[in-house]
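Going down the list, the sequences are from chains V and W.
For reference, each letter of the first sequence is one residue, going 1 to 325 in this note's numbering.
For reference, each letter of the second sequence is one residue, going 1 to 497 in this note's numbering.
Be aware that a few hints might be false.
Unchecked claim - Straight-line C-alpha distance at most 35 Å; calculated DSBU-like pairs for lysine-lysine:
no., chain 1, residue 1, chain 2, residue 2
1, W, 198, W, 310
2, V, 69, W, 332
3, W, 198, W, 301
4, V, 252, W, 282
5, W, 304, W, 463
6, W, 332, W, 26
7, W, 332, W, 301
8, W, 332, V, 57
9, V, 243, W, 465
10, V, 69, W, 366
11, V, 57, V, 69
12, W, 198, W, 110
13, W, 310, V, 72
14, W, 332, W, 366
15, V, 72, W, 110
16, W, 282, W, 366
17, W, 26, V, 17
18, W, 198, V, 121
19, W, 366, V, 57
20, V, 322, W, 332
21, W, 110, W, 366
22, W, 26, W, 301
23, W, 332, V, 17
24, W, 304, V, 57
25, W, 26, V, 244
26, W, 282, V, 322
If you are wondering where the hints come from, they were derived from the structure by calculation, not from laboratory data.
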Amino acid sequence: MRLRDDYEESRWHRLEKWVDGDIDPLEGRMEIKPPDGEKDENTKLPEDGEPFFDEEKINSVVYDTAHNKELKLFRIIYRLASVLLCVTLIGVLLWTVVYLPEFGSPDNPINNEVSARYIEKGVEETGATNFVTGMILDYRAFDTFGESCVLFIAATCVLVLMRLDNSSSKEKMKKKKEEENDRLYEPKNDLILQKVSCVLVPLIFIFGIYIILNGHLSPGGGFSGGAVIGSGLILYLNAFGFKKTERFFTEKTFRRITLAALTFYCLAKSYSFFTGANHMESGIPLGTPGAILSSGLILPLNICVGLVVACTMYAFYTLFRKGGM
Amino acid sequence: MDFVCNFPFFSIILAMFCGILSSVLKGPWAKRLCLFMVTAVLVMSSAVLAYTMKTGTSYTYSMGHFPAPWGNEIRAGVLEALTATGFSVIMLLSLLGGMSHIFTDVEETKTNLFFILVDLLMSSLLALIYTNDLFTAYVFVEINTIAACGLIMIKQDGHGIVAAIRYMVMSLLGSGMFLISLSMLYDITGHLLMEPAKEAVGAIVASGSYEVPLLVVIALMSVGLAIKSGLYPFHSWIPETYGYATPAASAILSSLVSKGYIFLLIKVFYRVLGYENVVSSKVINALFVFGLVGMIVGSVKAIKQTDTRKMIAYSSVAQIGYIYMGIGLGTKAGMAAAVFHIFTHAATKSLLFISAVGLYEVSDGKADYRSLRGSGYRNRAAGIAFAVGALSMVGFPMLSGFISKLMFATAAVQSPHKMVATILGLAVSTILNAIYFLRLVISIYSPAEREYGADMSHQASRKLKVASLLFIIVNLVLGLFSQPIVNAIDAGLSMFV
């Protein structure tokens, strides 16, 4: 048998090393430089208030296109490809539009028995004189429940991302302190803003409530009315500061209102779906179309949707502002 | 109507309601509620499965007092019930396996938010499975996307946030394409419910009007859902997303979320666009080619990884490629193989993610090949589970991966034009799979470089061991008793038409 002297260099040995994970993962992928003297800026400990990482410097080193030809090429190709892709997509979509049915023509496929029944029998079957509301909260109520859950889950995600809790790490506590500094200037006591909002906020609230309550009678409904109320709350917060809003709106209020509204929506509509699918009478009176107390479940459902939307908008604002409510 | 027919509706609503309720609960209670919900969904879905198998037909269930073209509707057949059952089993086991990590990775005050996300994710998956209405599908695609983003970033380190942003950008692009194709389809058919829409599509094809919009609809629908499920050229979000999320989230995302979109795509193909129209439009040939390329490129990239989590993630790219290759074959056998591979990959990939975490636990939390040496001895259950998962991915007989590879090969023989490419792709990809998976299996069973304390073996959580063993059983069941499942898939697919 012949023993090889250069076993270390043989392919089999290299394979064995690769299988064992003995190859240094950074080998050949990283430029290793000795530190430039003792007074390197990177090793200097940060002083108080100075960020530990200089983000600009890190970015300029990581994306050092002057020394990394591969990265430079990749970036050029990537940008070219993405622009080309977008242009192609836009072109294809515009080209398709030409072949679509003409807008507003009476023989279009969308003018079929579906929309005919919504228009002709909508008032009779849902009790709502506003067809759109009748459609989204009665004919297709399951989709709308899904949409309210989209808002709910979006609020949950913002809570995950933005809420600062006491258990958070040290860095975040520091951040929290900064945010509180921002709040120290609250309320800004801007006289013009305060006086104007004294007049506007009640009007905005009344208008929002009107839109929600008349959702089944006139254009509007829970989504639009809720957005109006939410913006009124945000205006009030900007004029008078967190101290005043916290007297009536905290995270607890937010959670309770959302829970109550969505639970009611869920239970009420489950009852209606269940009876509908099993061909039972739901026993919910539709009332006279046009009256404020009419159209069965639509009015309470509009109120629920409005509450969820208003709370979610306000919650988004406060979470982005100071990481809590 | 029998009472069982209500169960699909009950399971969707129960999952949504549990999510809403969890917003006021503390973490541990939200966890119990979530586990209860998944178990209840599992029981109900299997009841529906038994019922539809017995009657041999599917049924629609109107959500409200208005019948099909006017009101919302859901539909349950054998394939829907089977998928719901399979998904809830995997959801339950993934949660169980990753449970201890959820409570360490997520801030204590935010654990209930994690379970809200899981509850709503479950409801959206169920709705995607059962829906009989295109717009309902879109609404729940939205919920699914946002919930998945939340699950990725809830770990709250830099990697998680970057991965979530990548996922969000790609996924929203996919949702946008899906929505555009949906509105175009509505414009040319005038229907959102699947059955009347399919009739209208049939009329369009017969009369030859609106040919171009229909082609664009098919293409946009396929591309949109392919982006969301991570088919090859759109896979760039996968490695970071699966590699850096908390283990339970990785397992759920890789094995369920992407599969939900694929299931929706199959459903839309069969129940709205008409499978023969999709085949004749040649769009599936593009899916076939990209699936094939993904199988090879995903495996090659997996070999190059030094971090084993990313390796498993890149392996997902390859496996998604298998599924799209099966869809792209354009035959019923190919589709059945693709659906079976959905189950195989879901069961195996979650097993790999969960058992790999068991191995990291006993290696100081490190995930590179060198640190993992000997971890198979330090945590025996996880080591065996990982070996089983790896062998199943490679296609070892008796395990689920073998059956799906066999089905793909059999399906390939039946479609002469694509036979050579498919079989070659399968062979090359299998060899590449074997290289990177068996390398890791050898690594975890070779002697460690340094002594680990005796307490290391106790660090592994018991729940993870139980979950690993249950996952092995699921894999063996899929591998050894595949015939009834294949029959059920065939029956379900013929109910789709």
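Verification of the supplied hints:
1. W:198 / W:310: violated, 41 Å
2. V:69 / W:332: violated, 48 Å
3. W:198 / W:301: violated, 41 Å
4. V:252 / W:282: violated, 55 Å
5. W:304 / W:463: holds, 32 Å
6. W:332 / W:26: violated, 48 Å
7. W:332 / W:301: Satisfied, since the Cα-Cα distance of roughly 31 Å is no more than 35 Å.
8. W:332 / V:57: Distance of about 57 Å is beyond 35 Å: violated.
9. V:243 / W:465: Violated, because 51 Å separates the two Cα atoms, which is more than 35 Å.
10. V:69 / W:366: holds, 32 Å
11. V:57 / V:69: With a Cα-Cα distance of about 19 Å, the restraint between residue 57 (chain V) and residue 69 (chain V) holds, given a limit of 35 Å.
12. W:198 / W:110: violated, 45 Å
13. W:310 / V:72: holds, 25 Å
14. W:332 / W:366: Answer violated: residue 332 (chain W) to residue 366 (chain W) is near 44 Å, above 35 Å.
15. V:72 / W:110: violated, 41 Å
16. W:282 / W:366: violated, 46 Å
17. W:26 / V:17: Between residue 26 (chain W) and residue 17 (chain V) the Cα gap is close to 49 Å, so the pair fails against 35 Å, i.e. violated.
18. W:198 / V:121: holds, 25 Å
19. W:366 / V:57: holds, 28 Å
20. V:322 / W:332: Violated, at about 56 Å.
21. W:110 / W:366: holds, 25 Å
22. W:26 / W:301: At roughly 42 Å apart (the allowed maximum being 35 Å), residue 301 (chain W) and residue 26 (chain W) break the hint.
23. W:332 / V:17: violated, 45 Å
24. W:304 / V:57: holds, 29 Å
25. W:26 / V:244: holds, 28 Å
26. W:282 / V:322: violated, 53 Å
Hint compliance for this structure: hints 1, 2, 3, 4, 6, 8, 9, 12, 14, 15, 16, 17, 20, 22, 23, 26 are broken, all remaining hints hold.
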